[in-house]
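Sequence lines, in order, name chains A and B.
Per my numbering, the first sequence starts with residue 234, numbered consecutively.
Per my numbering, the second sequence starts with residue 42, numbered consecutively.
There could be a bad hint or two in this list.
Taking CB as the label site, the calculated pair distances span [stated by the list, open to error]: (1) B:I159 x A:S273: 43 to 49 Å; (2) B:T318 x A:G288: 49 to 55 Å; (3) A:T368 x B:T318: 37 to 43 Å; (4) B:E172 x A:R347: 52 to 58 Å; (5) A:G318 x B:L196: 43 to 49 Å; (6) B:M198 x A:S238: 36 to 42 Å; (7) A:G288 x B:E172: 50 to 56 Å; (8) B:R158 x A:R339: 50 to 56 Å; (9) B:M198 x A:G279: 32 to 38 Å; (10) A:E343 x B:L70: 38 to 44 Å; (11) A:R339 x B:Q178: 31 to 37 Å; (12) B:Q178 x A:E390: 45 to 51 Å; (13) A:K236 x B:L70: 19 to 25 Å; (14) A:S238 x B:L70: 49 to 55 Å.
Rather than coming from a laboratory, the hints here were simulated on the basis of the structure.
Just so you know, even glycine gets a beta-carbon here, dropped at the ideal spot from N, CA and C.
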Amino acid sequence: MKKLSLPLDRETLRSLGAGDEVLLSGPALTMRDAALARLSSLAESGEKPPFEVAGQLIFHAGPAPPSTGRPAGSFGPTTSSRMDGYLETLFELGVPATLGKGPRSRDTLELHERHGAVYFTTIGGIGALLAGHVTGLEPVAWEELGPEAVFRAVLDELPALVAIDSRGRDHLAEQYAIYRVQSD
Amino acid sequence: MRVLDAALLGREAEALIKEVSTELPSDVLAALEGALAEEESPAGREALRLIIENAAMARELGVPICQDTGLFTVYITLGSDTGIEGDLGGELDSAVTRATMAGSLRASIVCETFEGRINTGDNTPALLEIEYGGGDQTTLGVLAKGGGSENASRLAMLPPGAGAGGIADLVTAVIEEVGARSCPPLILGIGIGGSFDRAPRLAKAALMEPLDSEPAPGTAALARRIVEQVNGLGIGPGAVGGTVTCLGARVRHEPCHIASLPVAVSVGCHALRRKTTTI
């Protein structure tokens, strides 16, 4: 289990291999469907968003409200493949890594390789547990989007896995092939 | 004639919404424990341990099992000679609002869906499925369904002669394509027959059946076949690779036209949040 501090530098990213188990600590930005659509249309018209994305870990997630003294009662990843169409924009804006759940499309492997970027995955549907690894949460922009607003989340040893490394190796696809029952 | 007060049904729905959001059903928990004993992949077993620990933590702290607290469907099956007095739709929406505010549920529903996508802020509207059961009991059930598993659900109009094999192959192909994005290990609701619009409703309603209850007559073999084929895909718990991709399947079917075989698969994630109560 590798302990990683956010934000991640390029050297650390290159040192990670597909399948590495990691614990992520430090600040990340949440961005999912609605926020990424906005970011993308701003980028298309050559405008900048009201926050810095370069160097940030982008967490595809939308938190539940605060509860029992936690910044979010429940907080975990959403489906990353839905965000695949925004990935090139994120990488071009200097995003070195993303975090979400499930595999990304095969088209994104080459993108990761070209930009030296990493995709981390964590288990979906365990927001009560993962919220215990989030020590801070504050809105950064576009609050009218509700849970889809951009939040700065401070992670504390959030367990994750390197699903796509900076050489474009796809750990999840390899695992599925191992456990797949060959039909005749 | 028995007359039920819509406000009473609203209060029942509110209580169930709060309960299902934080307490995983015992049959789902038992299925997860069974999967832990069966799973061959070490990473898959670790994912199952986290899923089981998450359920315990949600229950203990009273926080949502998943941050995607879902879209709420209320199932009402009316007994014979039973009616409802009052504004049922309004009472159920109000129940969803109250439960959302009291239970710290995430606002996950938008209106103006194709332009603007404005968050309704309180998870309204509730979806209502009402039917006449004909028995002497009236039941009310709540299903909270997240977006990831809903996006993985599909409908197909198969050739009439596709049979059980064609249905199992369809479901397997669907899960191969989208199962890893929808929080496995999954629980699958399969709806067969009826019509283009009925099959998905049957499929979703099948998710309401506890996995430890007796399956409808004639459906167990097909359900077993589906589970076995889907578990051969290798996706595994938490989509990290493994031998348990599906915890169970339930099949509901109805007669259909001679030219048709509508088949729907409603995908339930491992955090299947549902409960039915007798009124």
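Mind checking the hinted window 49 to 55 Å against the Cβ distance between T318 (chain B) and G288 (chain A)? holds (51 Å)
Within 19 to 25 Å: is that where the Cβ-Cβ distance between K236 (chain A) and L70 (chain B) falls? The hint (19 to 25 Å, Cβ to Cβ) is violated, given that K236 (chain A) and L70 (chain B) are roughly 31 Å apart.
Can you tell me whether the CB distance of E172 (chain B) to R347 (chain A) sits inside 52 to 58 Å? Holds: the Cβ-Cβ distance is about 54 Å, inside 52 to 58 Å.
Starting from the hint 43 to 49 Å, judge whether the C-beta atoms of G318 (chain A) and L196 (chain B) obey it. Taking Cβ atoms as reference, G318 (chain A) and L196 (chain B) lie about 24 Å apart, which means the hint is violated.
Range hint 38 to 44 Å: satisfied by the CB atoms of E343 (chain A) and L70 (chain B)? holds (41 Å)
Do the Cβ positions of I159 (chain B) and S273 (chain A) conform to the proposed distance bound of 43 to 49 Å? 19 Å Cβ-Cβ, so the 43 to 49 Å window is violated.
Range first: 31 to 37 Å. Now tell me if the beta carbons of R339 (chain A) and Q178 (chain B) are that far apart. violated (51 Å)
For the hint 36 to 42 Å, verify it against the beta carbon of M198 (chain B) and that of S238 (chain A). Taking Cβ atoms as reference, M198 (chain B) and S238 (chain A) lie about 53 Å apart, which means the hint is violated.
Is the gap between the beta carbons of S238 (chain A) and L70 (chain B) within 49 to 55 Å? violated (36 Å)
Within 37 to 43 Å or not, the Cβ separation of T368 (chain A) and T318 (chain B)? holds (38 Å)
Starting from the range 50 to 56 Å, see whether the pair R158 (chain B) and R339 (chain A) falls in it by beta-carbon distance. Given about 29 Å between the Cβ atoms, the range is violated.
At the C-beta level, are G288 (chain A) and E172 (chain B) separated by a distance inside 50 to 56 Å? holds (55 Å)
Hint violations for this structure: numbers 1, 5, 6, 8, 9, 11, 13 and 14, all remaining hints satisfied.
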